[in-house]
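So the sequence lines, in the order shown, correspond to chains A and B.
Residue numbering for the first sequence follows the working numbering, starting at 109 and increasing by one per position.
Residue numbering for the second sequence follows the working numbering, starting at 1412 and increasing by one per position.
Be aware that one or more of the hints could be misleading.
What the hints assert, rightly or not - Below, in silico cross-link-like pairs of lysine-lysine (DSS-like), each with a Cα-Cα straight-line distance of 25 Å or less:
1. K302(A) - K1901(B)
2. K2078(B) - K456(A)
3. K224(A) - K1427(B)
4. K2008(B) - K210(A)
5. K1734(B) - K1694(B)
6. K1734(B) - K1759(B)
7. K1973(B) - K210(A)
8. K2078(B) - K2146(B)
9. K456(A) - K2071(B)
10. K2008(B) - K271(A)
11. K1985(B) - K275(A)
12. K2029(B) - K224(A)
13. K394(A) - K1413(B)
14. K2149(B) - K2059(B)
15. K1836(B) - K1801(B)
16. K2028(B) - K210(A)
17. K1451(B) - K1427(B)
18. K1735(B) - K1540(B)
19. K1935(B) - K271(A)
20. K1740(B) - K1697(B)
21. K1903(B) - K224(A)
Stated by the list, open to error - Residues of chain A placed beyond 10 Å of chain B at every Cβ, according to the derived structure:
22. S130
23. L156
24. E236
25. I243
What the hints contain is simulated information worked out from the structure, not anything from laboratory work.
Every residue, glycine too, gets a C-beta built ideally from N, C-alpha and C.
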Amino acid sequence: MSKGISREKLEEIKKKFDEKISSVKNSEDLENLRIAFLGRKSDFSLLLRGIKDLRLEQKKLIGDFANKIRKDIKGIIESKKNELEGGEVDNEWIDVTAPGEKQEIGHLHILSQTQKEIEEIFSTMGFEIADGPEIDNEWYNFDALNMPKDHPARDMQDTFWLKQEAKNEKGEKQKLVARTHTSNTQVRYMEKHKPPFRIIVPGRTFRYESTDANHEHTFSQFEALVVGDDISIANFKDIAEKFFTLFFEREITVRLRPSYFPFTEPSFEFDISCTVCDGKGCSSCKNSGWLEIGGSGMVNQRVFEAAGYERGKYQGFAWGFGIDRLAMMKYKINDIRLFAGGDLRFIKQF
Amino acid sequence: MKYSYNWLKELSKTEKSVLELTDLVMLKGFELEETEELKKRFDNFVVGEIISVKAHPNADKLKFARVNVGSQELSVVCGASNIEVGQKVPVALVGAILPNSKIEIKASEIRGEKSEGMLCAEDELGIGKDHEGILILDKKLEIGMSLAEAIELDDVMIDFDILPNRAHDCLSHEGMAREIAVMEGRRVNFELEKQEWEKTEKLSIEIKEKDLCQRYMGAVLNNIEVKESPLWMQNILIACGMEPINNIVDITNYVMLEIGNPLHAFDANMINDGEKIEIVVRKASKGEKLQLLDDSNLELDENDLVIANHEESLALAGIKGGKKSGISKETKRIVLESANFNSFSIRKSRQRHCLLTEAQARFEKNITPVLAERGLQRAIELFVEYAGAKLEGVVDENYFEQKQETVDLEITKVNKLIGKEVDEKKSREILENLGFEIVSEDKGKWEVKIPYWRLDVEGSEDLTEEIGRISGYENIESVPMKTVVAPPEKNKIREFEWKVKDLMTTLGFNEVVSYSFYSHEEAKLFGIENHFELKNSLIPQHALFRKTLIPGILEKVSLNAKNFDQFSIFEIGKTYNVGKDNNPEESFLISGALYSKDASGEDNFYELKGKIDEFVKKLLGKSIDFKADSSGRAIMEINGRKIGWIGKIDKNVKKFYSIKSDVVAFKISLDSLFEIYQNLEEKIYKTLRKYPVVERDLAMFTEPKVEVGGMEALIKKNGSKNLLSCELFDVYSNKETKQKSLAFHLEFGDDEKTMTGEEVDDLMENIIKALEGAKYKVRKQ
Chain A
109 MSKGISREKL EEIKKKFDEK ISSVKNSEDL ENLRIAFLGR KSDFSLLLRG
159 IKDLRLEQKK LIGDFANKIR KDIKGIIESK KNELEGGEVD NEWIDVTAPG
209 EKQEIGHLHI LSQTQKEIEE IFSTMGFEIA DGPEIDNEWY NFDALNMPKD
259 HPARDMQDTF WLKQEAKNEK GEKQKLVART HTSNTQVRYM EKHKPPFRII
309 VPGRTFRYES TDANHEHTFS QFEALVVGDD ISIANFKDIA EKFFTLFFER
359 EITVRLRPSY FPFTEPSFEF DISCTVCDGK GCSSCKNSGW LEIGGSGMVN
409 QRVFEAAGYE RGKYQGFAWG FGIDRLAMMK YKINDIRLFA GGDLRFIKQF
Chain B
1412 MKYSYNWLKE LSKTEKSVLE LTDLVMLKGF ELEETEELKK RFDNFVVGEI
1462 ISVKAHPNAD KLKFARVNVG SQELSVVCGA SNIEVGQKVP VALVGAILPN
1512 SKIEIKASEI RGEKSEGMLC AEDELGIGKD HEGILILDKK LEIGMSLAEA
1562 IELDDVMIDF DILPNRAHDC LSHEGMAREI AVMEGRRVNF ELEKQEWEKT
1612 EKLSIEIKEK DLCQRYMGAV LNNIEVKESP LWMQNILIAC GMEPINNIVD
1662 ITNYVMLEIG NPLHAFDANM INDGEKIEIV VRKASKGEKL QLLDDSNLEL
1712 DENDLVIANH EESLALAGIK GGKKSGISKE TKRIVLESAN FNSFSIRKSR
1762 QRHCLLTEAQ ARFEKNITPV LAERGLQRAI ELFVEYAGAK LEGVVDENYF
1812 EQKQETVDLE ITKVNKLIGK EVDEKKSREI LENLGFEIVS EDKGKWEVKI
1862 PYWRLDVEGS EDLTEEIGRI SGYENIESVP MKTVVAPPEK NKIREFEWKV
1912 KDLMTTLGFN EVVSYSFYSH EEAKLFGIEN HFELKNSLIP QHALFRKTLI
1962 PGILEKVSLN AKNFDQFSIF EIGKTYNVGK DNNPEESFLI SGALYSKDAS
2012 GEDNFYELKG KIDEFVKKLL GKSIDFKADS SGRAIMEING RKIGWIGKID
2062 KNVKKFYSIK SDVVAFKISL DSLFEIYQNL EEKIYKTLRK YPVVERDLAM
2112 FTEPKVEVGG MEALIKKNGS KNLLSCELFD VYSNKETKQK SLAFHLEFGD
2162 DEKTMTGEEV DDLMENIIKA LEGAKYKVRK Q
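Hey, can you work out the whole structure from these sequences and the hints?
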């Protein structure tokens, strides 16, 4: 090394140090490195001796810079030392890339997860979660909902009928059905409760329908029923928008179109802004900007009467949506049969 | 219903395009099923002229024609006998798709002759029923012009879904046109001027079932010429999805599509010989036979309503006409029926005979008898104009009385239900455009008269719906609820269910979902009886409501064994028991299985048992007692209460589900667990033990089939309260001696003091004595 200290020479030393430190593997290497760079006979120490030959203003400048370099090198050696010797982990070699001991946590079915999510959202909005029977008599499934026998509206739902007929408390024979909707719980609940109330009824429902990618004879629905003195269409829209916004985790707007269900008046078909394109139009919504979700409406006064309420005293809304359908929309599942299929390659995805 | 766009446009006076119109109707009235531009059906169909016709050299019945289609000359093999040189005919070019059969026309060779297209008959084009020969077109048509243009088919079919509430009035073009006008803020009026017809003595009508037929109008028309109906009418029928037949049938269909009342034309001469015609509306007698227009034969019973003469039935009322009195080319005199039939009766007959017709669809949904008169009037006009008919007279047998129905409407209640102030003037306008009439009003309370065609309106909510939808649901803004409700009741069983599901997944189980049904075969396999059974099951595999979840579980095991060597699954679901008086009793179960391809059944059993044990311990803080039962299952009990079982699945059952390796499954009643859970004592903190624990091991050997449970019970019984735990930590089966050796780890302790070695020795001695007394061999140390 040529005599005479300069900023360039100091930088060169630091550069050399940086190169070497990265290849240090153990304490011994590190100690050698320390001696080589900071020892009394190191190039660095030799170079420092040249400071005394500098002019006064240079002395201060170079001196400070040299000190900084020394501090840096010291610091790096110190922390490398900690890394090699100290710390909470034993330094013994272990193949960290080898696989760990196998553990398994199971997967909740995606329908369960979806239902749970729905229940949680509604619970925060003050809804009670109610239940009803899956096999029911035709009174609760149809008649009480303004769908008397031989009414054309009964054809709107393809029904699984049971061979057996049951006798009610009065001894009257009643036909039994696999409930076609969770709405069978509406009158059952209202018989035991007085408004105001808000409930959802999640559960399994059945339709006499051959299965394909979009249709299942067994599926899950959740009913919402809100009744009070002044519950309006505007309230319904509000709850619906809040729910879907929380469920899809994006701003959702709701569109109501006229429809007909015997147990609501007025009745609506219910669309939400497309969850893929937010209403701009895409292939998922066939460029309409809207996705069809299900049916809803303001509870028909005849249903209130069937539950023993006075006609005209209350008003409220009801809806029924497919949990399967919501799960399919949210997770882009393209075949409804996967749900009951039970393939773990499907179940373990969620 | 399928509507003709052109016709709706004419009736409603709308200027909207198809897309604008369907968007409007969808938002304010009816769901759109589909639209179809009709001329697209005839892409690649053109008018061609026949240049030459030869017999096919290799087939007697075929002909070989050369056809000029403008751009080129084609060779076409044809089976029809009516083609001649110089005729203009419809030609399906290569690539054309026949509208009805959806068959694509391809260039081919028929018995050695090239064929580059097809000459079409009416039925092949879907524009008529005729298949007697190739459709011969007007000679004046230009060669090569598109067929759609040649037959003036330039309409769009619009299919709206009409739900039962509006089927009374909107299964007609007038009804739909009225709606469209209202949606555009206008009113159209379709009322015809009331006509006084001459009564005729030639026709007698007797209604025997006045409940089932409130009105029967018959018109006798003579001088009829049966021919093709005008092209515009045929095209309207095609647009509405019907096939033109002849002018008489077409007119009845046309009027039904226009006004909504189905009509039927009888050949008068086939009802009665001679001048005088007798019509009876009566119930059929049991076993009575009727051949319908489509040649099918019905066997009727007393629940069917028929139109008859004095001898036999002529038509199944409101559903379909009979063959004998149908219109033929020879028909000269007709009886035109315009009637009203009871919807329930029609529905029942339809269900019994599985007959779906346009007429039935309308009567079944209930229409007002007023329409019968309007339909008859319109049809007579058309018969005179397009069939050269002369009216002999009309008979109106009417038991229907139009009542003036009104509904009270409070405008504040409309606002309250909608949740928005709706302009009063606008509401009035909407109702009036729809045909409602406000007959009186008093401080926001209106008495509203319902138009005769609106059989769906019965209360103020119906009027609110009309105001709401026409003024636009999209204009209702969201408003948070004001009603305050008490905090909701907890659904405890649901919370419990989620807890169970979480624990099961933590233990490595994956959740599956199965159908609620299984087959008779499976019920037999599991020896279960007395199920709820579907009357109309879709497939035999889904015939019975399940009483166990195991079949579903095993199905899933079988499926997943193809992809996974080991897994555990569970399902929570309802099973359905037949209760008293056939009332359903649903119980809530959890079942599951553990599958491991290579492990022994015993290993699998203990693994599953360990998991279930841990599950219950965590859930309830209790341990399960396991007891073997005679079938090989381990019965699980908690405090003496049976909660379920666990066991290795039988090999015949495995065979049924095509499972090869061992499977261990379990079933637990969630209802029972929930009951125990609800009655659990509240948890109270126990002070931590201050004094040391003394540990001892105990080794024994026994015959191989001796249960560990018995030893454990004895140890615990004799260990006093100082025995804190007893755990089996080693089991070894000696292959030579066939003996099993077992080692237990015992812990002793006392809450008050440190136990001395002597005290523990005494307890150990008691335990060993008891074990030996029970003939267990204890290994002395």
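25 Å Cα cutoff - pair K2078(B), K456(A): holds (23 Å)
Nearest-CB test (10 Å) between chain B and E236(A): About 4 Å separates E236(A) from the closest Cβ of chain B, which leaves it inside 10 Å; violated.
L156(A) non-interfacial with respect to chain B [C-beta, more than 10 Å]: The claim holds: L156(A) sits with its nearest Cβ about 64 Å from chain B, beyond 10 Å.
Pairwise hint evaluation, K1427(B) against K1451(B), where the allowed Cα distance is 25 Å at most: Status holds; Cα separation ~21 Å.
Pairwise hint evaluation, K2059(B) against K2149(B), where the allowed Cα distance is 25 Å at most: holds (24 Å)
Pair hint K1735(B) and K1540(B), alpha-carbon separation not exceeding 25 Å: OK: K1735(B) and K1540(B) at ~19 Å, within 25 Å.
K224(A) paired with K1427(B) [C-alpha distance capped at 25 Å]: Given that 25 Å is the threshold and the Cα spacing comes to 47 Å, the pair is violated.
Pairwise hint evaluation, K1759(B) against K1734(B), where the allowed Cα distance is 25 Å at most: holds (22 Å)
Restraint status (C-alpha distance of K1740(B) to K1697(B) at most 25 Å): violated (33 Å)
Given hint K2071(B) paired with K456(A) - CA-CA distance at most 25 Å: Distance ~23 Å between K456(A) and K2071(B) Cα, so the pair holds.
Pairwise hint evaluation, K210(A) against K1973(B), where the allowed Cα distance is 25 Å at most: holds (21 Å)
Distance restraint between K394(A) and K1413(B), which requires alpha-carbon spacing of 25 Å or less: holds (22 Å)
Violated hints, listed in ascending order, are 3, 8, 10, 15, 20, 24 and 25; each of the other numbered hints is respected by the structure.
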